[in-house]
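Enquirer: So you can see what is in the structure, the chains are spelled out below.
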Amino acid sequence: MNRAITKSKRVMKLGYLLPVILIFTVFNSYTSRHFFKKKMGLLEKGRRICLQLLGSRLDKGAVVRKGLFITDFGKLTLGKNSTLGPFAKLFLFEQFSVGDNVEIGSGLTVHTSEHLLNETDKPLGKQSSLRAPVSISSDVYIGSNVTILSGAQIESRVVVGACSLVKGRLESGYLYAGVPAKKIKSI
Amino acid sequence: MNRAITKSKRVMKLGYLLPVILIFTVFNSYTSRHFFKKKMGLLEKGRRICLQLLGSRLDKGAVVRKGLFITDFGKLTLGKNSTLGPFAKLFLFEQFSVGDNVEIGSGLTVHTSEHLLNETDKPLGKQSSLRAPVSISSDVYIGSNVTILSGAQIESRVVVGACSLVKGRLESGYLYAGVPAKKIKSI
Amino acid sequence: MNRAITKSKRVMKLGYLLPVILIFTVFNSYTSRHFFKKKMGLLEKGRRICLQLLGSRLDKGAVVRKGLFITDFGKLTLGKNSTLGPFAKLFLFEQFSVGDNVEIGSGLTVHTSEHLLNETDKPLGKQSSLRAPVSISSDVYIGSNVTILSGAQIESRVVVGACSLVKGRLESGYLYAGVPAKKIKSI
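Residue numbers (the working numbering), protein chains in the order written: chain A, 278 to 464; chain W, 278 to 464; chain Y, 278 to 464.
Please keep in mind that the hints were generated in silico from the structure rather than gathered at the bench.
Any given hint could turn out to be false.
For chains that are exact copies, the list does not tell them apart, and a pair is met inside one copy or across any two.
Said to hold, decoys possible - Here are the simulated lysine-lysine pairs, BS3-like style, with alpha carbons at most 25 Å apart:
#1 Lys337 to Lys399
#2 Lys459 to Lys444
#3 Lys460 to Lys399
#4 Lys337 to Lys357
#5 Lys337 to Lys322
#6 Lys462 to Lys444
#7 Lys444 to Lys460
#8 Lys399 to Lys462
#9 Lys322 to Lys357
#10 Lys399 to Lys357
Assemble the whole structure, with the sequences as input and the hints as a guide.
Expert: What follows is the structure in structure tokens.
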């Protein structure tokens, strides 16, 4: 009985979400010619409303650019006046939370799970995976084509150079860059 | 005469393949919300059947995630229980063969040809190109956003870190990472 | 009055451009199975004509592969017999000019603006941004998945390795590679 109710709720939820997902797909596919000019064009507003309906938390002024791929809408939090650049790929089993005034460049990849590689008797790709949230504090600037792995924590006032691979904790007040990202200088 | 027959065969083959390619395009574009939960959802099965009809060899339990780009379906071999992650880009002139129990993360790029750059009298991009197959042995784990160049051979029980660039031969039993990928430690 | 005329001109221009953009989208999405075989297939020609109508300058024999993303068609110049590889992402506020006989691999990213990070009283992502053109001279070969940042100048007869990050000036006659790209050897 309980199961039947749950299933019926799910179908109702899907019936409500599917049109929103389809509308989001349209907003997500297009961009105006000079799409960076305005912080919030019509398409940015459309994407914003759809994402909020689908369960993402976007604070005031938070912008998501086109071409977003996300496995779970409910696990994205974007703070005030933060921007998530175009063509982001978010593989979220756990929360990906971004603070205020964060600027993220194009082509971000975020993973929130990884294989542990500590069970020597199993094939590498079949070992247990660790899930851990990824957090970016406020006032952070992340360059183009950055990849962030599960459990990473980026503190406030950090710059991450383009094409970097981020693991672990990045300390406040520094520029990090490289594969893997290392401290380059204080800022 | 022979030519006419060949052409007619080709047209017939295209008439058979085109619908399959179109159906594959649909399966390739969508994903369920929690698409990693089940090893094989409906979309995974659909992709699998289409790829097999188009000439790829996928062994039992082999999974191809969404967003695959491939230049020649007939040049892909994926072993038992191996997974090719989402958004893979395979530029295949030669075979790309993957063994059993291999886990490949998102955003893989594979090239099977490169310019030789040994003819000093020609423009660099116009020099002869070398084509060579890429092979991945069994029990290998490849992180996110890895690029593999022509002729690369990854031996069994190797881990390749995220964002790595792979050239040449990677020896069994080691973790490799970096641009280009270097031996980091034994595993 | 002047404003009204400008607006009416804009609407007329959009009415002319929109169908071209839609047709380009089709050519941009598809590729023949062996799409590298012919320098210029039907799809390459279609893309070429659309791009020229939309304001890009493509010299004789210049080829643009599928999957191009570009923010401003008018800011792209591609010289004689040069090839822009598939899945290029061009974020152009300023000119991106490519000389003759240049071969660019798959997955190129080009940015022509960046945040300066010199105003310590403002959030990092909200600081003024510097816009600067990117230029690639003639006889250059650029590998797969390269990212080029604003203001970069690549001189003639340079090779850039796969997965490199390019900033500043790359001198003629050398192979550059890495994140960021460094001189590896003379060629």
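Enquirer: Could you tell me which of the hints above the structure violates, numbers in ascending order?
Expert: No hint contradicted; all consistent.
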